[in-house]
Structures are given as structure tokens and as C-alpha cells.
Amino acid sequence: MIETKLKWHPIAASDDLAPRHVFDAQLLGQEIAAWRADDGFANVWENRCLHRGVRLTIGINDGNELKCQYHGWRYSNRSANCTYIPAHPADAPARTVCNRKYTTREKYGLVWTAIETSGDVPEISLLAGVPSAPLRAMPINSTADLVEEMLSAAVFESAEDNRWSEMSVETDPSGAITFTGSSDKHLVFFLQPLDSERTIIRGVATGIGDDDIAGLRHLNQCLTTLRAAIEARAAQQDRVDPMQPVYTQVEADLATMPDRGEGSVNGIRVRVASKTMTANDVARFEFVGLTGSLPTGQAGAHIDVHLPNGLIRQYSLTNGPAETDSYIIGVKREPNSTGGSECLHDTVREGDILLVSVPRNNFPLRRDAVRSVFVAGGIGITPLLSMAKTLENQRLNYELHYFVRDDDHVAFADKINALTGKITLHKGLSPEDTGKALHRIYNGPQNANHTYICGPGPMLNAAREAASHCGWDDGAVHFEYFKNTNEIDDSSSFEIALARSGQTLQVKSGETVLDVLRANGVSIASSCSQGACGTCKVAVIEGDVDHQDVHLTDSEKRASAYIMTCVSRAKSDRLVLDI
Amino acid sequence: MLQNVNPTDPVVYNLWHVITAVDDLTPGVPQETALLGEPLCFVLSESGEPIVWKGKIADQTSEDKNARVRAQLKYGYIWVVLGEPEFEIFDIPEYVEDGRRNMNAISVGLNTSAPRVVENFLDMAHFPFVHTDLLGEEPHTEVSEYDVDYNPEEREIWATNCWFYQPKASAASEEGVLAEYKYRVPHPFCAILYKTSPDDDTRLDAIAVLVQPLDETRVRAHLLLSVIDHQNELDKHIRLFQQTILGQDKPILENQMPRRLPLNPRAETPIRADKVSIMYRRWLRELDLHYGVIREVA
Amino acid sequence: MKLYDFELSGNCYKIRMFLNILGINYDRHPIDFFPGNEHKGPEFLAINPLGQLPVLVDGTFQIRDAQAILSYLAAKYDDGGTWYPTSDPERLGEVNQWMAFGDMITGTASAARLHDGLSYTQIDVKAARAGAHRLFRILDEHLWFAEREGRSWICKGDTPTIADIACFPYIMLALEGGVSLQDYPAIRRWTDRVKRIPGFTVMSGIFSAGAGVEAA
Chain A
1 MIETKLKWHP IAASDDLAPR HVFDAQLLGQ EIAAWRADDG FANVWENRCL HRGVRLTIGI
61 NDGNELKCQY HGWRYSNRSA NCTYIPAHPA DAPARTVCNR KYTTREKYGL VWTAIETSGD
121 VPEISLLAGV PSAPLRAMPI NSTADLVEEM LSAAVFESAE DNRWSEMSVE TDPSGAITFT
181 GSSDKHLVFF LQPLDSERTI IRGVATGIGD DDIAGLRHLN QCLTTLRAAI EARAAQQDRV
241 DPMQPVYTQV EADLATMPDR GEGSVNGIRV RVASKTMTAN DVARFEFVGL TGSLPTGQAG
301 AHIDVHLPNG LIRQYSLTNG PAETDSYIIG VKREPNSTGG SECLHDTVRE GDILLVSVPR
361 NNFPLRRDAV RSVFVAGGIG ITPLLSMAKT LENQRLNYEL HYFVRDDDHV AFADKINALT
421 GKITLHKGLS PEDTGKALHR IYNGPQNANH TYICGPGPML NAAREAASHC GWDDGAVHFE
481 YFKNTNEIDD SSSFEIALAR SGQTLQVKSG ETVLDVLRAN GVSIASSCSQ GACGTCKVAV
541 IEGDVDHQDV HLTDSEKRAS AYIMTCVSRA KSDRLVLDI
Chain B
580 MLQNVNPTDP VVYNLWHVIT AVDDLTPGVP QETALLGEPL CFVLSESGEP IVWKGKIADQ
640 TSEDKNARVR AQLKYGYIWV VLGEPEFEIF DIPEYVEDGR RNMNAISVGL NTSAPRVVEN
700 FLDMAHFPFV HTDLLGEEPH TEVSEYDVDY NPEEREIWAT NCWFYQPKAS AASEEGVLAE
760 YKYRVPHPFC AILYKTSPDD DTRLDAIAVL VQPLDETRVR AHLLLSVIDH QNELDKHIRL
820 FQQTILGQDK PILENQMPRR LPLNPRAETP IRADKVSIMY RRWLRELDLH YGVIREVA
Chain C
878 MKLYDFELSG NCYKIRMFLN ILGINYDRHP IDFFPGNEHK GPEFLAINPL GQLPVLVDGT
938 FQIRDAQAIL SYLAAKYDDG GTWYPTSDPE RLGEVNQWMA FGDMITGTAS AARLHDGLSY
998 TQIDVKAARA GAHRLFRILD EHLWFAEREG RSWICKGDTP TIADIACFPY IMLALEGGVS
1058 LQDYPAIRRW TDRVKRIPGF TVMSGIFSAG AGVEAA
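Protein chains in written order, with the working numbering: chain A, 1 to 579; chain B, 580 to 877; chain C, 878 to 1093.
Treat the hints as calculated values from the structure; they're not laboratory data. Be careful, since some hints might not be right.
[Stated by the list, open to error] Distance condition first, Cα-Cα at most 30 Å in a straight line; then the derived DSS-like pairs of lysine-lysine: (1) B:K633 x C:K1003; (2) B:K747 x C:K1072; (3) A:K557 x B:K854; (4) B:K747 x C:K879; (5) A:K415 x A:K483; (6) C:K917 x B:K815; (7) A:K436 x A:K483; (8) A:K508 x A:K571; (9) A:K571 x A:K436; (10) B:K635 x C:K879; (11) B:K854 x A:K101; (12) C:K917 x B:K653; (13) C:K917 x B:K635; (14) C:K917 x C:K879.
Isolated chain A (complex conformation) (with noise of 0.2 Å):
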């Protein structure tokens, strides 16, 4: 028998991959851990984490995600996504730290894989259109060849009531081996090699019901007297060597150590599956990805939409982990709109097909903290629910603060309802009571606490100053402007010099440092192109930066170590940038 990676084989049966467990598989050498997530969906993975290689099915599978035992690294359901490193609560994971998937199918009760990808699962005659059952599995110290030699000679007939008698075997195109009963009684058998010398044999039977305990016994009582006629023929012959598995490596910019932030600029082509009114003047939008499920977004993650207008706004997903089947958004209608949510409002409709980025996290969660407080103003609600969302996954408690004009404007109840943690709404109060309100959400005694604030301006103002005042460390306030409404001043000229590249460029009034870079060749990755949402962000070594951008905290701005390059310019007459 001919084995190839391109070859689909079974290597568990539906009901192995049990809820909240991973299970512990080989093909071709290859380890594999296989789990299957809350939604149903069966993940067949390489049995190793990429950080340090510890094999994965001595992790936890927590139904959404796959935690390694090692460092707690959490991978996501469907994409296989790391999600979080718990070394670096402050930092999200590139989102290309991803984990080797092997394409999975389920057929007759078994889950299919092949090494490589190549066309399907056998499509197996005997089996087609009649209930079936999965024989216990049978594995074996032996070659494949010699267990497919003495397994086409094997008899099942059952002394007690003939079936399984008089079968004509036959070995299929596809590697299978089909034992044809006289009447609706068959026997088919596939072999899951799982390294030269040890093989699985993966038996089905038609005409058989997963409650005939006394046929499923025989049937293994069969498998297992064959098992030791094969294994004392298998003990006589030459050893053979054990195949090498091959360890995948990961992208070359993994390799270095990493810095912060991510930067792919590839735009995934999406449907608009559904378009609502979740609340007075705020839509809600589920994209679905054309081709199966899409990239993981992190908890805070938002995406770029490209709008049928040619403008590019930016949105938060509400997702929780491992909802990846679509990205949900809410958009609210702005009396001032300068043609974004106008555009989103009144042209897109459902059945539309949207340009988005990947998933960027710019307002990164920990989830190290003692207290986690979520205040969101208004539409500010969207990044939080995905925080919220995280933090219950992981029975970590938070409380979240939702202020808003009236019940008409509460977007998203659905969601909030289901939320199990602290949730606080404050309806209609004015600006005065709403500082007040934040003055009694900060006090109390800080330790390890993180704040993350969303909402419009004013109000994200006062919450920072509200923190603030209660002695909340500046390091623990972390908020997101939907958009940045300072005036830019962009009349100063300086000259920047980067790095490593060794060039020197000049920035002219009119001109973004941004502009200068990309015009030079360099690439850099950028979003909103107002200084709010901490795509562009890039390292200063050297000067004094004229900040102009709402991302930063007021710190972050005092120690001048990064740049927004969309808006903000140097004061000093030279920048040095570590680019």
C-alpha cells in the first residue's frame, strides 16, 4: 500500500473528540491534537505549541479556545490564532502567530485529515445514504501492509445469529477494505497509519445501531483475535525505522523577537449577511467572509471597512473568542457624517459585498488583572462587549458601565443580556452627574486594576479625569477615541532620519510624516489617518515629538518613545525613528 500525504485518512471517530477535551492523535508520523470547540467544530492541529513546542493535548480546551499547559498561550477555535500570551498582558499577539491546521472532514462517523490538501474523503459505495456505526478502534503494533494483508482475511461471522457471514472482500480504489454482506450487513475498513510500525484499523458497519452493544463487542472481539495474530507475525520481521515528523516552521518575522502591534494590510472580500437597528440611529452589520470563516479578532480589535464611496472607516468588532463565522458591528448614524456612516446607512445593503482589513488591536486587553472596569458611552459599547465577552470565557470577573441617553439608545441588548458579569447602566444623566457617576465607579483602593474607556469624546475626557483624580495610574487607563476632533497643525517642517535603513528624509508643512515614508518606499501600516486608532505608530530613538493624536496617554506623549505618523510632527528640528 502506497501511503502519501496527500492521502485523506481517518484519525478519530466523530464521538472521540468528546466536549472539553483534545484528543490525542498520529498520522504518518505526524502528532496531531484534535478538539472540538463548544459551536461543534472539529480542530485537528499540529500537537505542538510554536512557542516551545509542548505537545497541546496535555492542554486545556476551554470550548472556545485551546490553552497550552506551558506558558497558557490560547489559541483560537477555526483559525487557529494565538490570542494571548499571558508573558506580555499588554501586548497583542501578531496575528500571524498561528497554528498548523490540517483540513478536517467528518464522514461515516469518522474525522478525516490528509497531511496535504488534496481532494476528499473517499466517497465509499457500501456506505452511502444507510446509518452506520463506528467500531471501536483497533491499533496495532504493525505495519500497514502486513495489517491490510491479514485483515483481508479476516472473518467476522457471529456464531450466534450468522450475520456478518459469507462476506466478499474487496479492497477499494482508495486504500479501503470492504467486507460485502449478503444483506443490508457490511463491514468496511480504512488503516490509519500512524508511524511505519503501528497501525489503526478504523472499522464502520452498516445495518448496525450504536445501541447493539452485543454486535459492537463481537466485531471488537473479531478485531482484537486478529490484533494478536498480526502483532506475532509483525514481532518476526525486520524493524523499520520510525518516520521523522516534520515540525512546521513559523513566518521569518516570528523568528526575532517580536515587536508590538501587527501590520497586514490584506483586505478580506465580505458579505453583508444582515443589516438591523439595534438602537435608536445605531446599525448593526454581520459581514460574512466569502470562503469560510474569517481571521480571529482579539478582544479590542477593530477593522477597517472600505465603503462603496471609497472612503475607509474604522469599526470595533463585537465578537467574542472564537466567533469567527462573521464580524458584527454597530455603526450610529453622526448628524455630521462626512459620508461614513451616512454611506453605511442609507446604501449598504444586505447581499452588498464589502472590502475589510484583517483584525487590528490597538486597545489590547490584559487579563491579569484584579479589577477590570469596562465604561463605554453610547456606541463606545462595541470593543467592550468583546472584552467582556473574553473575560467571561475565561471566569474572570469585570463590571461593565454602560452610559447612555434613554433605553432607546441601549445598542446591543441581546448581547448585554447574556452577559453574566456586573453590568451597570446609567441612563440620562447630565455631564455633571456623569462625572459624578465616574467619581464612584474609580474610588476605591487600586490595585492591579485596569480601566478601558469607549465612548465619545466628552465623555471619554471625563473618565480619564475622573481615573485620574482617584490616583489611578495613567498605565492602567486604556481608551479608544472613535475619531480625533483637535485641530491639526501641520505647518512645522523638520527632517527625520531612520535607523536602519540610514536615510535621511525631509518632512515639508502640508506633508505627514506618514506621507514622507511611504513616498520614500517605506511601508508602513495605517488606518484611520487621524491619529486615533494606533495603526501607524512607529518608535522614536531620537527628538522631541509635536503629539497630535488622541492614541497615547499623556505619558506615553511625555516620554515621546513613539510617533503617530498620520498627524503627529517633530518639535525638535530632527526625529530619529526606528525604522
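Starting from the known structure of chain A, arrange chains B and C on it as the hints suggest.
Structure of chains B and C alone, referenced to chain A:
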């Protein structure tokens, strides 16, 4: 069964390695072990001298001068070198300091390579997940920035200014502390950590892992303690704490694939917390060490 | 209550886990099994002439042997009477049958672990590993059919028994003796279920399982 690996790596072949702790040896009673795929026998003479020779006890080669292996006692262990030693055994100055208790906490067999054991010993980020409630606990998982240096004269890596929150940092701890660690790698298969002593905050406890490579993917790890501890009356309480810790590392180490440490930077994914391991892997590459590592760029 | 104990011993762990499940407080009296060899010293031999751990002292009553201690604790302190069903002869027989099986696992999987981990070079490790695999094939088949019949535990009934406790530790630690559980999927699923028993505790070498679906 030993893997049949010839000691073709002169770097490790010419280094001193530990083969046993001497604490519990009865003079005159020979025992068997292995080093770098080579079966060895050892015995303490009546006068306490270590005698080590190649082969099995049944081979009766103890009197064969050609089978003899260079050996010495140091820090409570028998050290041997199969080739020509280029360097002396590294210094552990704490071992002779007043007021310290020195002991071998445990010698444990591990089905992995020596560099994997050393690298795990240099790692703080796993404390909350592997040594839960002792050396770490969730949600205190952050590894803050620390410093790493290679000292070419001493041929040693140092990691300093390492801080980590620990609920029970040692056998003598009663409450959680922000513990300070320093790490020192003076030998490709040995590392020492220094941490705040709960009994004397002006001094540091020293814990060394001395890895004996039986072959490329099977080792014995010997844990040498040199600690300040006035609270635990019996050595066994101090030892038991370290045995618990090493027992928790064991299933991690034995589930790390591949067993040999890959030196190709694209084999695994380092993060900033892995600064010291990045330096360690680079050092092994530069030493031209082959034993227990995967060098090729696949 | 006092337990003569060694952290890395799976047999001692059976008792620690079961005491925790029953909610009984006790004192741990550590014996320096390795490298100290204290269990073979005169002081401990006076307590247990077999020189084996664990030994439990409950008031004036003293008892050795992990399986015997489990049955004593269950009979005396399990008010529900489910862990050691003394009033149901068939289940009681089954529990004792699988407790003896647990002893055979100790004789094989634990022996291989002592060879690999603590340099017990006199042990025939090949035979020990082969013996462990022979037992695991039997248990895996048993548990696979138990799952088909809607049962979660080794013995009949809806609740775990001390047979589950007696078999668990050296199965979980089998890889330390070079015995992989990859061929035994039903055993691996059962170990997750044991880890989710309320009151379950870990030992060095065994991690907890995380929450099950029921608790979510």
C-alpha cells in the same frame, strides 16, 4: 537502552559532567550509569576517592587502565570528563560561604535533551501555569523587562533584574513576595539561579541544575541547593519543596517536541520574555555544540 | 489524622486526593523516599515493616497499603456510601476487582516510571512497559463499552468509586515511564472526568483539566 551515539561532538566530549551525587554512596559498592551514550561504572574507594571506568559492572573492566575515566569530586558530586578537559569546573563561590546549607535535592531522570532542561530552568513565564500557587499564580503572569549579558571572558550568560510575583517562593516562605531572580549559565548543560532568600534579604539562595546527558534525548538532572534557611530543621523539607517543583516540570519537558533543542530561529516563536533563552540558543550555536540540539536550518 | 507521605508517590497521592474529596483535614508527614531512602530506615520500618508508603494513622488505628486505606476511609467517612458500596455485593466485588487491577498498574507503569525517573536500574523496564500496555488495552476496551452504555466510571453505577481513584495516578504518570496513552482514547477521556470530580487535587506531574461543559 542507550542510543548508540558516538561522541563526535568535541565540545561536550571535552567538558566536565556530573554523573552522581555522593551523599548516599556507600564506599566500595560500584554502581552503573551512563554519559554521552557511554556506559560507565563508578565507586567511591574506602578513602573517598572517586573511581570511574567505562563498561558495565559485569564486564569486570574496573582494573583495566584503558577503561579508566578522569574523575573528581566537587560540590558533592562526582564529575568526569571523557575527553581532554579544556576548562576547569566552573566556580560556585556560594558553596563555601558561611551559614549555607548545601545539598543535592534530587537526581531525576528526564526523557528529553540537556538543553531543553537548562532552557526551562531559565524560564519565569511558566511559573503561574506549571508551578501554580508556589512559584506563580494567575492572573499575575507578566514577565517584565530584564537584562541579559554574555561575558566572553568568563564564558557565561547572565540574566539580571528579573522580578516575578510568587505566592510561595521556597520552603521557608510564608507569604507571597515579589521575588528577584538572577540566572547564570556557566556551562552548556548547567545553570544556576539566585533568588531572594526568605530568611535573609541581604543574601541570595543559589540553586543549580547540573544536567547529565545519558544520551542525546535522555538525561538525569541533579539539583544542587546552597541556601540560607533557619526555619526548616530537616534538610528533607527543603529538598521536598524542590522535588515538588522538578516533578511539576517533568511532564512539560517530556512533552516538548522535538526533544533536541532546535537552534534554527524559525523552529519556535520567541517573545520578549525569552530574551535569556534566545541568548542561550545563540551561544550554543556559536560554541559549535551539536549534542542534544538540532542545528540544521530545515 | 496523619499520613506518612511522599509528594512524588502516586500511591500517596491516591490518599491525599481522596481525603480532599471527602473534605477531611490531615497532617502530612513527609518521608524522604528519594534520595534519602528514609522508608527503608529503622524508624519507618518500625511503622511499616514492608518499608512502603503510604501509611495512615487515624487516632489509635494505623493502616498501610493505598488500596486498603482507600477502602477504610470510604467505609468510615463517606456518608453517602457511594465510593465503596458495601451494601451492594456485585458492585463491591467489582470495586475490589478493579482495585486489584490498580495494583497491577502500580506493578508495571509505576515500575517503569521508577526506572526512568529515579534510576531504579534493576527493574526490567521493557517488561514493565509491555505489562502496562497489556493492562491499558483491557481498561480502554472496558471504558469504551462503558461509554456506549452511558457510564462514566470504571464500575457500574452513576458515581465514581475508589476503583477510579486507585487506577488514576499511575495511568496519568505513565508517560514518565515511557508509556504513551495515545492508543487509549477512552482512558484519556476518563482521566478528564476524574479530574472534574469535586474535590480533585493535583500532584507534581498531573495538571487539572479545566471546567467541563456542565459547569459552563
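Evaluation of the provided hints:
With a CA separation close to 24 Å, the supplied pair K633 of chain B and K1003 of chain C stays within the 30 Å bound. Between K747 of chain B and K1072 of chain C the alpha-carbon distance is near 24 Å, which keeps this suggested pair within the 30 Å criterion. For the proposed pair K557 of chain A and K854 of chain B, the alpha carbon gap of about 27 Å is at most 30 Å, so the pair holds. In summary, the hint linking K747 of chain B to K879 of chain C is supported, as the alpha carbons are separated by about 24 Å, within the 30 Å threshold.
Between K415 of chain A and K483 of chain A, the direct Cα distance comes to roughly 25 Å. Compliance with the 30 Å bound is thereby established for this hinted pair. For the given pair, K917 of chain C sits about 15 Å from K815 of chain B by alpha-carbon distance, which is consistent with the 30 Å threshold. Of the supplied pair hints, the one linking K436 of chain A and K483 of chain A holds, its CA atoms being roughly 25 Å apart against a limit of 30 Å. A threshold of 30 Å between alpha carbons decides the hint, and for K508 of chain A with K571 of chain A the separation of about 13 Å falls inside it, so the pair holds.
Under the criterion of a C-alpha separation no larger than 30 Å, the hint pairing K571 of chain A with K436 of chain A is inconsistent with the structure, at around 37 Å. Note on K635 of chain B and K879 of chain C: the hinted pairing is violated, with a Cα-Cα distance of about 44 Å set against a maximum of 30 Å. Restraint check for K854 of chain B and K101 of chain A: the C-alpha separation of about 28 Å stays at or below 30 Å, so the hint holds. Between K917 of chain C and K653 of chain B the CA atoms are separated by roughly 28 Å; this keeps the pair inside 30 Å, and the hint holds.
This hinted pair checks out: K917 of chain C and K635 of chain B have alpha carbons roughly 27 Å apart, not beyond 30 Å. Restraint check: the Cα-Cα separation between K917 of chain C and K879 of chain C comes to about 19 Å, which is no more than 30 Å; the hinted pair holds.
In summary, the numbered hints that this structure violates are 9 and 10.
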